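There are 2 protein chains.
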Amino acid sequence: MDNKLTLGIFGFGVVGQGLYDIISTKHLNLAIKKFVIKHPEKERTLPAELFTTDAALVLDDPAINTVVELIDDADAAFDIVARALRSGKNVVSANKKMIATHLQELVEIQNQHGTSLLYEGAVCGSIPIIRNLEEYYDNELLHSISGIFNGSSNYILSKIFNENLAYDTALRQAQELGFAETDPTLDVGGFDPKFKLAIVASHAYGLYISPDTILNIGIDKLRTADIRFANEKNVRLKLVPTAREINDKAVILYVLPKLVRPDNILYNVENEYNGVLVKAAFADEQFFYGKGAGGHPTGSAVLSDIAALRYGYRYEYKKHIDAGGLRYSTDWEISVYLRYEDERLVEKLGFTSISERYYAQDFKYVIGRISLRQILENKADIDRDGVFIAEID
Amino acid sequence: MDNKLTLGIFGFGVVGQGLYDIISTKHLNLAIKKFVIKHPEKERTLPAELFTTDAALVLDDPAINTVVELIDDADAAFDIVARALRSGKNVVSANKKMIATHLQELVEIQNQHGTSLLYEGAVCGSIPIIRNLEEYYDNELLHSISGIFNGSSNYILSKIFNENLAYDTALRQAQELGFAETDPTLDVGGFDPKFKLAIVASHAYGLYISPDTILNIGIDKLRTADIRFANEKNVRLKLVPTAREINDKAVILYVLPKLVRPDNILYNVENEYNGVLVKAAFADEQFFYGKGAGGHPTGSAVLSDIAALRYGYRYEYKKHIDAGGLRYSTDWEISVYLRYEDERLVEKLGFTSISERYYAQDFKYVIGRISLRQILENKADIDRDGVFIAEID
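Protein sequences, first through last, are from chains A and B. Numbering follows my numbering, with no gaps: position 327 of the first sequence is 327. Numbering follows my numbering, with no gaps: position 220 of the second sequence is 220.
Just chain A, same shape as in the assembly:
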């Protein structure tokens, strides 16, 4: 059952190096044959013959039976992963955007070619949420899955709320520590947690939902007035992706900043940590907590996937097989806090009820109920400077 793996690895960034560190301290039945890199001019800590810029040296090498894909570029990553799976190689990837965008096609390729694609490292670093959804909650009725999926945004929010740092200073710190993506919009704009949410929801509910259709609003419009508001109300702001079965026919998915009360378990998730909260009919409330960013935590998830390939492990996508007519919906009302400047925005959004309004010269907000569909349809207006929206716990 324990097959020797020969690895070709695409990428030698923070995760690739973390993975190398881990593999080199262990006696596993596997060997790294080649790293494919983009910048041969960079100095490397390992022997030069381990590196190449030629993808074919991995993809066309029959001695390499396992490809590990750890590059930034989602389009290039999809080409690599699809080619590898089609040529009979198993693949481990940590590319959330690529997987969220192409999941249905990737599942079909796996089925056609009898190969296995694992991607635990793509979702919440070291937290084994995909594996648990696949193997452990496969017969559970899952009410909802939510949490803190983006270590970089959470680090920034912790610095703002606990150390009174300015947004820009906190962002710079996160980038210096290697928590933030090269393009910070992916993190602070809520795209990264949206990709992860789409992947998680697929394993939880058996649906393929295009990330383009999922609402994501980030923390980049957060201003001092919002922080003061949160502090006065004794709540903390977190960036929270949510997937919820609203009835036996429909599932909602969205990413929004959320004003979280102290009795919510997410309130105490700080810095680069992630947390996944699973609410299930029988298991009740389950919470998984761990490091969501950094080379070693993500490297450990990638290694766990590699190790599982030695035993022929593959995701069964069981919930897709008996998905039973669930569909993706945006017809669901939530309570929000909206800071705005232009009164017409409040009118346009069509709140179904308003419970609080506040006017001052430099700070206006409204608290009320609004449907996800209305937020999605007016996203361009909400994304403007001077506007900030957050869900209320």
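A couple of the hints might just be wrong.
Note that identical chains are pooled: a pair holds if it fits in a single copy or bridges any two copies.
[Stated by the list, open to error] Heads up, simulated DSBU-like pairs for lysine-lysine below, C-alpha to C-alpha not over 35 Å straight-line:
#1 K249 / K4
#2 K33 / K279
#3 K221 / K159
#4 K4 / K279
Treat the hints as calculated values from the structure; they're not laboratory data. The model shown is predicted, which means the values in this text are computed figures rather than measured ones.
Using the hints provided, position chain B relative to the given structure of chain A.
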């Protein structure tokens, strides 16, 4: 791969009923043929033909391929489980005492007869810790595993610390809610978390450690003076089992009350919830949180095991195969708070250092460092009324 299971279930208590509730709401490829019960005179909510008092009707029925063991009596449970495994049936059990006591023998029987014994429900209710240690952390270097493993004790401590209930009142409430074992000593004396610790440590470190050799001290000697002390120091008391690799040769295991600081993630685990904290070299700090007691949470873990048997799942005990010379040790110093009456106890315990002493007419304590071996050797004296010991965070 998806084999139809026909179940014989021993026990129809809170977990057995929870399991029946779950199975009856789902379309799974399994059927319950018989419940074996001890008290036929009790009124049951299900048809009489489902029940029998004759174990042979399950164990000798070739149509039953899966036995679920959910009874209190650990000796009787071992006989049932061993007989079932030897006769080619797979088994799911939630009996922590039985498994902790007989684990090595049970593994040998599984290997001899090619059958599978799963017991996720025996450890921390709904939290999938065994499965994750087996499947996900199988290549991780695990520094330590600790947490809150006993929902009943934790419920009592929450009521004492958050609602100022007296110990006896809180214990009675826990029993009324069905969280506490029939014999409360198992919970509040730290035996139940010790059995769970032995099982967890076995999957984490590949060792079989007899529970008799593991230190367990519970919360039953807790008095008002200790509660006042904890409140003054802004710490909370929790009952914490710990397994830790102290170097590459030795592992320590013990169950002690612990004075936990607010920045410890266990501080916020309240009531009947359990939490398992895994510290690993690469994944870093991982925390699993969920309901540790009650029919549905434990029933959901048992169901997950049953579902896994449909796919031929078995624990591989991988860490036992490459255990690499780890042994169980008690040569390790910890910091403790000790309330006492008789000065001779402090002398006898042989503290290696003392950092604080307090004397008053009705309250004397010492804070210092002491080896686990010394605590174990003097357990009879520590277990006396008038003495309370707790680890310091």
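Hint by hint, here is what the structure shows:
1. Taking the shortest Cα distances, K249 and K4 sit within 35 Å of each other only across copies (28 Å), while inside one copy they are farther apart (44 Å).
2. Taking identical chains as interchangeable, the C-alpha atoms of K33 and K279 lie at most 35 Å apart only when they sit on different chains, with a minimum of 31 Å there against 43 Å within one chain.
3. Within a single copy, K221 and K159 get their C-alpha atoms as close as 16 Å, which meets the 35 Å cut-off; across copies the closest is 42 Å, which misses it.
4. Proximity of K4 and K279 under a CA criterion of 35 Å is satisfied inter-copy only: 28 Å between copies versus 39 Å inside one chain copy.
Consistency note: the structure conflicts with none of the earlier hints.
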